[in-house]
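Sequence lines, in order, name chains A and B.
Count the first sequence with UniProt numbering and you get residues 1 to 234, in order.
Count the second sequence with UniProt numbering and you get residues 1 to 293, in order.
The set of hints was computed from the structure by calculation and includes no laboratory data.
Hints are supplied without guarantee of correctness; some may be wrong.
What the hints assert, rightly or not - Now the in silico label distances, taken between C-beta atoms and shown as ranges:
1. B:K81 <-> A:Q26: 38 to 46 Å
2. A:N116 <-> B:K81: 38 to 46 Å
3. A:G27 <-> B:K188: 29 to 37 Å
4. B:L154 <-> A:Y11: 40 to 48 Å
Unchecked claim - Here are the simulated DSSO-like cross-link-like pairs (lysine-lysine), alpha carbons at most 27 Å apart as the crow flies:
5. B:K81 <-> A:K54
6. A:K108 <-> B:K162
7. B:K162 <-> A:K105
8. A:K128 <-> B:K287
9. A:K152 <-> B:K162
10. B:K188 <-> A:K152
11. A:K105 <-> A:K63
12. A:K75 <-> B:K188
Note that the Cβ used here is the ideal one computed from N, Cα and C, for glycine as well.
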Amino acid sequence: MLKVEDVHVYYGAIHAIKGISLEVPQGQIVTLIGANGAGKTSTLNTICGLIKPKSGRITFEGKDITGMATPEIVKMGLTQVPEGRRIFANMPVYENLELGAFLNKNKKEVAEAMENVYTRFPRLRERKNQLAGSLSGGEQQMLAMGRALMSKPRLLLLDEPSMGLSPILVKEIFSIIKELNEQGTTILLVEQNAKMALSIAHRGYVVETGRIVLAGDAKELLESPEVKRAYLGG
Amino acid sequence: MEVFLQQLINGISLGSIYALIALGYTMVYGIVQLINFAHGDVYMVGAYLGFFATAILGWPFLPALLLSMVVCAILGMVIEKLAYTPLRNAPRIAALITAIGVSLFLEYGMMLLVTPQVRTFPQVLPEVQYKLLGNLVITNRQIIILVVTIALMLLLQYIVHKTKIGKAMRAVSHDKQAAQLMGINVNKTISATFAIGSALAAAAGVLVGIYYNAINPLMGIMPGLKAFVAAVLGGIGIIPGAMTGGFLLGIVEAMVSGYGKSLYRDPVAFVILIIILIVKPAGLFGKNVREKV
Numbered sequence: 001m002l003k004v005e006d007v008h009v010y011y012g013a014i015h016a017i018k019g020i021s022l023e024v025p026q027g028q029i030v031t032l033i034g035a036n037g038a039g040k041t042s043t044l045n046t047i048c049g050l051i052k053p054k055s056g057r058i059t060f061e062g063k064d065i066t067g068m069a070t071p072e073i074v075k076m077g078l079t080q081v082p083e084g085r086r087i088f089a090n091m092p093v094y095e096n097l098e099l100g101a102f103l104n105k106n107k108k109e110v111a112e113a114m115e116n117v118y119t120r121f122p123r124l125r126e127r128k129n130q131l132a133g134s135l136s137g138g139e140q141q142m143l144a145m146g147r148a149l150m151s152k153p154r155l156l157l158l159d160e161p162s163m164g165l166s167p168i169l170v171k172e173i174f175s176i177i178k179e180l181n182e183q184g185t186t187i188l189l190v191e192q193n194a195k196m197a198l199s200i201a202h203r204g205y206v207v208e209t210g211r212i213v214l215a216g217d218a219k220e221l222l223e224s225p226e227v228k229r230a231y232l233g234g
Numbered sequence: 001m002e003v004f005l006q007q008l009i010n011g012i013s014l015g016s017i018y019a020l021i022a023l024g025y026t027m028v029y030g031i032v033q034l035i036n037f038a039h040g041d042v043y044m045v046g047a048y049l050g051f052f053a054t055a056i057l058g059w060p061f062l063p064a065l066l067l068s069m070v071v072c073a074i075l076g077m078v079i080e081k082l083a084y085t086p087l088r089n090a091p092r093i094a095a096l097i098t099a100i101g102v103s104l105f106l107e108y109g110m111m112l113l114v115t116p117q118v119r120t121f122p123q124v125l126p127e128v129q130y131k132l133l134g135n136l137v138i139t140n141r142q143i144i145i146l147v148v149t150i151a152l153m154l155l156l157q158y159i160v161h162k163t164k165i166g167k168a169m170r171a172v173s174h175d176k177q178a179a180q181l182m183g184i185n186v187n188k189t190i191s192a193t194f195a196i197g198s199a200l201a202a203a204a205g206v207l208v209g210i211y212y213n214a215i216n217p218l219m220g221i222m223p224g225l226k227a228f229v230a231a232v233l234g235g236i237g238i239i240p241g242a243m244t245g246g247f248l249l250g251i252v253e254a255m256v257s258g259y260g261k262s263l264y265r266d267p268v269a270f271v272i273l274i275i276i277l278i279v280k281p282a283g284l285f286g287k288n289v290r291e292k293v
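Chain B with its partners taken away, still in its complex shape (with noise of 0.2 Å):
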């Protein structure tokens, strides 16, 4: 009970990761049908800009973080101006493979820039651990991770149900057509949805780094297809599909590596993959919606 208790909350932890960087691939797939296979190497930039902001400028922790939201938000819209956008009407098979380019691209030129090294976070939150019934542990980075996680959670929300964009969002995800006779500038959109998830993405890599330290230019390839099955999982496309996969996927690997399976850690995501994709493609939200004609 003790050691399911203890991975429930490293699983949560880990989960929340999952869960941001699986917002942005759910987000770009409900407005260009796209998987974006370069959203785990937004990720890893967004680290590195964490790592920058604090190792080198000597940030604390928040303003560290909302720079590299901020710099992560750009670099997702300039990918998405000059990668996919002349790639729109082209067959999506196009689209994908110019994604895995631009992964590749991240990836390697990253490495030419910083080195492949593996770098170290500073401790910008000196670890606190905190005792709970009992020898349950709990740590200030932890509860970090969680409170950052929902507090970015709720403001999504609100963004994608109460704001023009939002709303602007949900109409082109739909129907782009029928968007762009009610006034809205599709490529805008489209262009902010990037931003949006690759913000998200990036706030899930400084959390990383605080709370694993160390940070290197491949970092993201393993989160990145972990938060593609947890999308999946959820139902791609659909928001609180991608939260609830990627707390699922975080809590399933804690509880695997907490009972001595960790060597299977990573086989365990892609076999959910596998199963959800033959049970149920749509995923755990996802339903076909009927409409009338």
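Extracted from the complex, chain A is given alone in its bound form (with noise of 0.2 Å):
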């Protein structure tokens, strides 16, 4: 569904991405885990296009979008929960999920997708009035979800999800991120959670320093002696 043929990025001078390629079948959840800096959330902004790569190629669905503007490949069907989720946080819960569907001009639909969300997260619809930036962090994590789900993605990036989270939290959101893969939306998860990410997984790549070191089956690489060591604890 999503390939990533050998992208390099460039900050400045900076080459924080050597040559990454990737690949995400339909129906799937993929994850990327590494270290802080090796280059994962620069893969994920690159893939939707608010980072231009200098070279290599992105392909959805088939066609090229490496380049493309952001909003053309959001309407797509591809699209982002950001890391620190990034919610509006002067504006209301519900103005938030409206935005999640900016490209949506049929207004019944809209509704519909935002029923959805509320009865994925009743809590939300529980402080659909509320300003975005009261929420707690749990709540904040599935505003930025149900946001993202109000474009009906039919792949999902998420990047951190668990970032700042109590661990019962964590274990819920992934019990959500499951239960959206399980109804029909591929994911590509980044994290630095490994152990949690590779149990939901079904394939894994361990990014380092801009460069793909492993890739292979999820429940391998939690098995695997070198994961273990640098990312499991033991």
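Relying on the hints, combine the two individually framed chains into one complex.
In structure tokens form, the structure reads like this:
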């Protein structure tokens, strides 16, 4: 469904991504794990068109989307829940959700999508008129995910959904991700919490300083000695 | 008491003008963090367009107002495209200096075009004076200024809060990347913000032409700076702040003039700027919104 081929990204003189290639097959959860600064977020942002790669090719459902503007890519059914949630803190919850469906002109469809989000995240319904900035961390993550779901993406990129959340909430968020996937959304998940990510993913890639150093079946990666030593603490 | 009430009426008229210009400053700052120092000159161009429509084409007030607003909206978008878009990722000082350059370009370009001579606005709306509570005077022009200003402010509030472009503007001003991930076209949204701000300045220009009758190519400098003070006073980037700041500054100035200190009119505005920057730099409406991370 998504194919990234030998992508290089520079920030000025810094060579941040040094030829990353990966593939996300339809219907799967693929995870990208690695330490801080490895290039995970840069990879996601390049896929979304927020950063332009210097070279390489990105295709989504067979179409070349390399260097395309982000709104065009979102329109095709690929969206991202950014790191740190990036919700619109000074707007109420319902307006955040409305913005998620910005490209959809059909009011009825938007209302339906919003109803679906409220059903999935009942907490958001309770707080729909509250300013998003006043929500708790977990609720903000739900809002960020709900907002992305408003555009009915076929491929959802998730950047560190567990960041700053308590273990119970992390579990809840991961079970929601799994559920979304079972209902048909393909997912590319970036995580520092490698154990959690690999436990729900089908495939995994390990990123280190801008390169993929390991790739394979998620269960195998979970057992591999390298991953165990570097990311799972033993 | 009578002087006070009379100056209150005059101050509200003057404040309307400041408020309309301040809105453009604040909206542009809110979305691209740029103090658009050419904004006062867009107001001047708006006044000349009003002059052109009424004196040369012989149009009545409302069509002239609309023409001026539409043309200035386009002018605002062109300025943004040519002067500011290429500097979107440059240091802020570069854009600020460019804004001053655009300002000078508009002032002296206009001089070249229409000569520096002061023009007299035609009497599109012959002045009618109404007496209130004995000796207070309010003119039909003052009423029109206030009515037009309030109508435009209501329209702006509607656009910002209820329409798609308004929601996009708020989203972009909060977080450009997140807005893009919603599918919002950031360039178009910034362009629309310049268009709306410039149209409001144009309206202020036409209203001033009708109120004071005289216009010249450098007329935008002082009101531009005053409107900037008004925007900072209310809290730069905050729309209700610009409205309130504009009215407040207009009233303060009218009071200073009314009590015989008209020479201090301009200094008072800038003293207000200095005080607000020392005491409450975020402005009257500014607050530090705490975000949980």
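Go through the numbered hints given earlier and state which of them the structure violates, listing their numbers in rising order.
-> none
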